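A.B. asks: Residue strings, one per chain:
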Amino acid sequence: MTAAALPVERHGDSLWRRALRKFRRDRVGMLALLVVGSYAVIAAGVMLGWWATGWAEISGPKWAPVSAEHWLGTNIIGQDIFSRAIYSTRTAFEVGLVVAIGATLVGAVLGALAGFYSATWVDEIVIWLMGVLDSVPFILLVAAIAYSLQDSPWSMHIAMIVTFWIGTARLVRGEVIKLKGLEFVESAHAIGLNRLSIIFRHILPNTFHILLVQATISFVAAIKSEVILSFLGLGVKDGMSWGLMISESTFEVLAGYFNNFIAASVLMFGLVMAFNMFSDALQDALDPRTVKSP
Amino acid sequence: MTQPLLEVANLTVEFATDAGVIRAVDDVSFTVTAGETLALVGESGCGKTVTGLALMGLVPSPPGRVVSGSVRLQGKELTRLDEQALRDIRGSRMAMIFQEPMTALNPVFRIGSQMTDVIRRHQGLTRRQARQAAVEMLAKVGIPVPEKRIDEYPHQLSGGMRQRVMIAMALSCGPQLLIADEPTTALDVTTQAQVLELMTELQREFGMAMILITHDLGVVAQTCSQAIVMYSGRMVEQAPVQELFARARHPYTAGLLASIPRIRERQLQQLPVIEGMVPDPLHLPEGCRFAERCAKAKDYCLLAQPELKPIGKTASQVACYAPN
Amino acid sequence: MPRTEAQPLLQVSDLHKHFPVSQGWLRRRQALRAVNGVSLEIAAGETLGLVGESGCGKSTLGRAILQLQKPTSGEVRLAGQALQGLSARELKHARRNMQVIFQDPFASLSPRRTVAQIIREPLDVHRIGTAAERRARVEELLAVVGMRSNALNRYPHEFSGGQRQRIGIARALALEPDFIVADEPVSALDVSVQSQVLNLLGKLKAERGIAFLFISHDLAVIQHVSDQIAVMYLGRIVEQAPAMELYRSPQHPYTKALMSAIPVPDPARRISRIALQGEVPSPLNPPSGCAFRNRCPLATEVCARQVPELEIFSASDAGVHQVACHHPD
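Residue numbers (my numbering), protein chains in the order written: chain F, 1 to 294; chain L, 1 to 324; chain A, 1 to 329.
Just so you know, these hints were derived from the structure itself, not from any lab. It is possible that some hints are incorrect.
No more than 25 angstroms apart at the CA atoms, straight line, and that leaves these computed lysine-lysine pairs for BS3-like [stated by the list, open to error]:
| hint | chain 1 | residue 1 | chain 2 | residue 2 |
| --- | --- | --- | --- | --- |
| 1 | F | K178 | A | K70 |
| 2 | A | K70 | F | K180 |
| 3 | F | K224 | F | K237 |
| 4 | F | K180 | A | K92 |
| 5 | A | K92 | A | K256 |
| 6 | A | K70 | A | K92 |
| 7 | F | K237 | F | K62 |
| 8 | L | K296 | L | K309 |
| 9 | L | K298 | L | K309 |
Quick caveat, the model's predicted, so the values are computed rather than measured.
Sequences are here, hints too, so could you generate the full structure?
C.D. replies: Take a look at the structure:
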């Protein structure tokens, strides 16, 4: 053991608190968090009806230029691009959060079960499921789910959850296989704790660092996928999103009006970029090699 | 007097951690003469491994840093050499083996190719000559059917065999100094005995000096001629092994020797213990670092650190105000 | 079955634990016989030291006795109760009487729980006492293992190896078991800390009458803690005797070699090692007959044919001395 690996004594210092301390020192991570936070405030404001309420109204002439009234101009039918872009932030967050939480939960539970019961039928079923879902092209899967759900507004979310849990489950499964051989799990068996309690009280909490990072990754993937799916007409049904904006901007771009396209792309790029950097910083802060004692 | 093989003077190594700077090795000085076996003994965190790494120029940097001190091999200062020059010396004039041979051997290469790389690098032999030399070396470390084993992968060997391969690699260029960091700790006792015997034999045959880093005083007693006891980054005692075991001068050494469970004529109810724990490396005491665990500690022990001083006319040195 | 005085606390008879292993392309199923027919007894309040080199099956034996790994065959009785074939509830109840202490003080405590949560968990699981009683009990246990109560709300990673081992011991004591399997409890610790923990275990044995199965690779540690010692080699016990008896007159050539290989911390007594050839063979493919014969200086033709049974060699007040060898002294 090198001296560098010596534990640092602080009272009641949980691994989370250590990770937090480490994250706070990461300037890029903190900046990214600030950006993500600003987007979140914008999204929350939209949800509460504070701003961007007039996103669907036709408030000006077609293709109005940038002005005090229309900060980013108007689109092909005279709607305010700025309002639409802002409103879309809410959609992005809604899609991102629903998918991230759903995919992480499903991935955690199925991955943990598969890992704990590795090399049994439980594991085989989960692995089979992962293999099957992974082998269907994403777009086809969404189309199929959208069709089977009769154009439910949630079909896109469900399709993404159905696909995105797989990555999380794989990682969790591997980690659980590693953890279940550790002696604290055997100790839990030895004191007579039942299996489900062992999985959910002792093993899963030790994969939280993976889950948190995976959730941020799913969040970003969901926002990016939403854009593609909406562009293809498989995404957002009622409402507005950056994907729909980009989709409707195709005619405008041909006609030489880039405002709609740029507004949606830049906002999306900003959020995705910030979230990715946040995710990286989070991963560094939670890295068990540096957070845990030797 | 002839020049010693290795001279280490005032070596100090620090590590930067999240919570502050840790001085892992603090003002360590010693010499190794050709052919002798020196033990660096101590418990985990005492700085013995870092000392070994520092001699090889292998302290991971960052976070580690050799703050001061000099390491001279046959009069040549090593601490100021660049990486390239160091690499030429490592392997050819000094070599190191580690506790876990599996992590030191690359799992995707055959043993032969790893060995011949080292040999060719330092000796400029042809591929065929190098292979021949490798086979001879493997035979020397007691690997049965070396011409077959040389084409195996590390995972195909047992722990003892892997450590033998490591030794063969380390010795393949005939170094004058071998630094062995807990070479037998991961091995079973019967295998450990074999490997230790092998190392002693080869050492004699090659006329090589050895620094054996270990926590096991039994291994020290059985294989070494000189010993340095380290505690919390500092040397607390240096003595010929016979002397050390006959009369440990430092209270820490004495406590350590007493507390080892050993096979005795009668079972003891209680083992003698050293109470307490090693001080936190971030908050080291002003005075003697062992004072708070020392039964003989006096007020003045807490004031300033005792220097390592020779005892009378003996070959022993101790850092204690009231040595035994 | 009611327990009588003469009955030992733990009885293990002909215990086997085999692991299926598939090898190579053809996935030929093979059995790794980690524990291959072990019988032993431990009396209440006594310590049986189980010594052997890595891969000899000693840890698996401990886990199989505790039903942490289901034995392939054979019987384990604790205080007269057979442990195999119990329902989950019955087994949970039986676990109150048998606990375990592990080797690795860094892996044996859940990193995300506080010390108080860790020590209290057995009480929670078995619903022992009220919340206040449990809290008091946890503090008491912490004191028993020699730690201060300011440790309660801290996390395992804040402690040194020795302290973590004490926390693990406190957890094992929470249910007041009569029997504890200690699997290499001091091997990961530094010498000065090792003796502290050994003394603590000795105190628990003396004061609480706990019986231990003490597993270690270190014959010196084993000799210090044990009343009886069993030597294991490739899944079988090859010799068993009272501690001092084994030390004074080891019979099995493997025990002798093991004892002679220990580096004695005394430069005046250079070891005269009994040379053993090679290393422990793979338990997947042990030699026929006596598993030790390919390394044994005494091996003859009969050793290849016949597995030596563990037979009584001598008996004294301290216990019987058994050895499984065709050529004991």
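A.B. asks: Each hint needs a verdict: does it hold in this structure or not?
C.D. replies: Hint by hint, here is what the structure shows:
1. F:K178 x A:K70: 20 angstroms, holds
2. A:K70 x F:K180: 16 angstroms, holds
3. F:K224 x F:K237: It holds: about 17 angstroms lies between the C-alpha atoms, which stays within 25 angstroms.
4. F:K180 x A:K92: 19 angstroms, holds
5. A:K92 x A:K256: Violated. A:K92 to A:K256 sits at ~41 angstroms, over the 25 angstroms cutoff.
6. A:K70 x A:K92: Judged against 25 angstroms, a Cα distance of about 14 angstroms means the pair holds.
7. F:K237 x F:K62: Cα-Cα ~23 angstroms, so holds.
8. L:K296 x L:K309: Roughly 19 angstroms between the alpha carbons, so the hint for L:K296 and L:K309 holds.
9. L:K298 x L:K309: Since the Cα atoms of L:K298 and L:K309 sit roughly 19 angstroms apart, the hinted pair holds (cutoff 25 angstroms).
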